[in-house]
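Start from the sequences, fold in the hints, and give me the full structure.
Protein chains: 2
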Amino acid sequence: MRIAMLSPLEMRVPPIGYGGTELVVSLLTEELVRRGHDVTLFASGDSVTNAKLVSVCPRFLRGSGRDAGILTMLSVVTCLEQADKFDIIHNHTCFEGMSTAGLVRTPMLTTLHGGLKGDWLLLFEHYKGWYNTISHSAKRLLPDKERFVGVIYNAIDVKSYPFRGDDREPYLLFLSRISPEKGPHLAIEVAKKVGRKLIIACNVHPVDEEYFQTMVMSGVDGNQIQYVGEADYYQKRKLMSEAYCLLAPITWDEPFGLFLAEAMACGLPVIVFNRGSAPEVVKHGETGFVVNTLDEMANAVELVPRISRRRCREWVEQHFDVPRMVDDYLRAYERVLSEAGVRREHETGVAVKELAKHTVDYSVDIEGLRTTVGSAN
Amino acid sequence: MRIAMLSPLEMRVPPIGYGGTELVVSLLTEELVRRGHDVTLFASGDSVTNAKLVSVCPRFLRGSGRDAGILTMLSVVTCLEQADKFDIIHNHTCFEGMSTAGLVRTPMLTTLHGGLKGDWLLLFEHYKGWYNTISHSAKRLLPDKERFVGVIYNAIDVKSYPFRGDDREPYLLFLSRISPEKGPHLAIEVAKKVGRKLIIACNVHPVDEEYFQTMVMSGVDGNQIQYVGEADYYQKRKLMSEAYCLLAPITWDEPFGLFLAEAMACGLPVIVFNRGSAPEVVKHGETGFVVNTLDEMANAVELVPRISRRRCREWVEQHFDVPRMVDDYLRAYERVLSEAGVRREHETGVAVKELAKHTVDYSVDIEGLRTTVGSAN
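Those sequence lines, one after another, are chains A and B.
Throughout the first sequence, residue numbering follows my numbering, covering 1 to 377 in sequence.
Throughout the second sequence, residue numbering follows my numbering, covering 1001 to 1377 in sequence.
Hints in this document: simulated from the structure, not taken from any laboratory.
Possibly wrong hints are sitting among the right ones.
[Claimed, not checked] Straight-line alpha carbon distances no greater than 25 Å define the calculated SDA-like cross-link-like pairs of lysine to any residue that follow:
{"hint": "1", "chain 1": "A", "residue 1": "Lys85", "chain 2": "A", "residue 2": "Lys117"}
{"hint": "2", "chain 1": "A", "residue 1": "Lys117", "chain 2": "B", "residue 2": "Ala1068"}
{"hint": "3", "chain 1": "B", "residue 1": "Lys1128", "chain 2": "A", "residue 2": "Gly150"}
[As the list claims (entries may be wrong)] Covered by chain B, per the in silico footprint, the following chain A stretches (three or more residues, Cβ under 8 Å):
{"hint": "4", "segment": "68-77"}
{"hint": "5", "segment": "97-103"}
{"hint": "6", "segment": "147-159"}
Everything numeric in this text was worked out from a predicted model, so none of it was measured.
Note that beta-carbon positions come from the ideal geometry of N, C-alpha and C, so glycine has one too.
Shown next, in the form of structure tokens:
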């Protein structure tokens, strides 16, 4: 299949440090190439890939002061101008791809990596292509719209994460990005409540600098509560296979918490607030705990020994590894091509076929999902 | 001719108060309709027009908190999705239109209303349509690029501006927008230097509020230096036909100062800094003075009696009235259609014709322009 893969340009593919979308784009792209597909990746010029790379900028944009809006649109338009070279365009950019999808004949699949609100919902309503979400939770937050091809969970390269059993340090870990939505200030509260050491490993966006200083650093004492900066590839794996458990007191409906899957892959149970996709990613009582309050989170810390670290690893292998994600996307591509073919025939009057009315949910095989959600409430 | 007119959505067409681009779009659109052309205006839903109006938002966006980037792109894409209904698309939006021009067969003419820098120049280089600037000065600031159809000066509806001769109040007038680039703080200095009353009539964007308080209001005493808020349609005309002269100590290369033409139409001589298009719009020594320093501006105030207020009016009638602008744009449309036709034949291999290599400068008939520029230096 001839696939155009539209990546954001904020970070290279694969990312250096923080960049969940670019990581998923990379894993998907490389596995598609490995399976023999003809993939053209539209991404920053410093990306590393076995696909054909097309770039409008030599380096990724985060921190560069360059205009991400203009450059991302130029990247998308560069793809669309040669759209007839592709069977399908897989868009990970949101705005730039969604707004222009109706201007070419090649069908577009957009993966909605983030939430949509305000005028983004208007953009979504006008969007002329197909879409998938990365969790059931993310789907529930959207208005109904045709051409939903299903929930396709993100994946990680599980084998690149070292597994470690119960031979661990006693500290709690907070590892993601410093921002109020990720809740590091709440992790500090929990650590103080249970009297355990907490290591915070995060990057800080300039926009969150004030929050970082007033709400996070004010609680860091360098002893019980430690901040160790942004964890790179190796540090992240070291921390995740060394810690006792991961605290994820998220305060927003995260569409998919990639870092939760990474932690579990290393055998690190996750205690997470019941927001967004959390009860889909973490199997309550088996790979961690999905809780509703700070007190519940503190209590759950003492229940971690009941969790099998091996089961955490297996859960991720079964549901969040790359081959499953790529299988799902290939089925989605086939479906889009099939429906787009029907649509074109319909438009040109050659034939009128009934469009499939129902969407396929590629992730319903996750056992006991709804029960898990239920028990977490 | 079937013309799609793409307006920004920040302000309705025609604008309430400040909105130079929307005013030009309105004048052009209404005159094209009056001449029998089939014009579809893509603008905010509260616009008032005799053209067909297509809107993605019921009201203009300034101050609404809505996402202008998304809505403007939706407006442009709504047009492009039905591009084959139009002979030409006239784009006044810059980013949204320029980035997507290559995705449809209908040729696009973009009027560059503002300056371009940084990544906007990259967007400009990628742009696949034709363009015009609104002054020679604006053209000189751009890199060379094919498909330049010439300089087409903006216009005002001259007959809507009342002319008044020498029966005037002795005050100086500053009337545009509060911002460092427009130089109201310098106008205050000049007024103090010459010991004359100054009336400042302006709107203030939130981004310029601090500048307004520290650099402008600090000099306003309510007596010699007065601030009267934003001037609406009627107040603007009253002030311009009552004042002694207009001070325009601009500190940037303004592509076209519509307010300078408005002032001269009312018989108000203009004293302007020699930046951007100023020496093209104001005829030095005939309709005002193009100066380089605050001292020169102060000296010029005493030379205003040498200027014929009638000549100011005539100058605007000759060069900046609507029929001339619409004639220019219709010639530009014809040229774009002709070149686009050649291009398509070339692309399809039906015929290979030589593209016109030279651009037509529609404004070279302005007498003594280069002499004016020279004498102002």
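Consistency of the hints with the structure:
1. A:Lys85 <-> A:Lys117: violated (33 Å)
2. A:Lys117 <-> B:Ala1068: Roughly 14 Å separates the two Cα atoms, so the pair holds.
3. B:Lys1128 <-> A:Gly150: violated (37 Å)
4. 68-77: holds (count 6)
5. 97-103: n = 4 at 8 Å, threshold three: holds.
6. 147-159: Since three or more residues must qualify, the claim that chain B covers the segment 147-159 of chain A is violated, with 0 doing so at under 8 Å.
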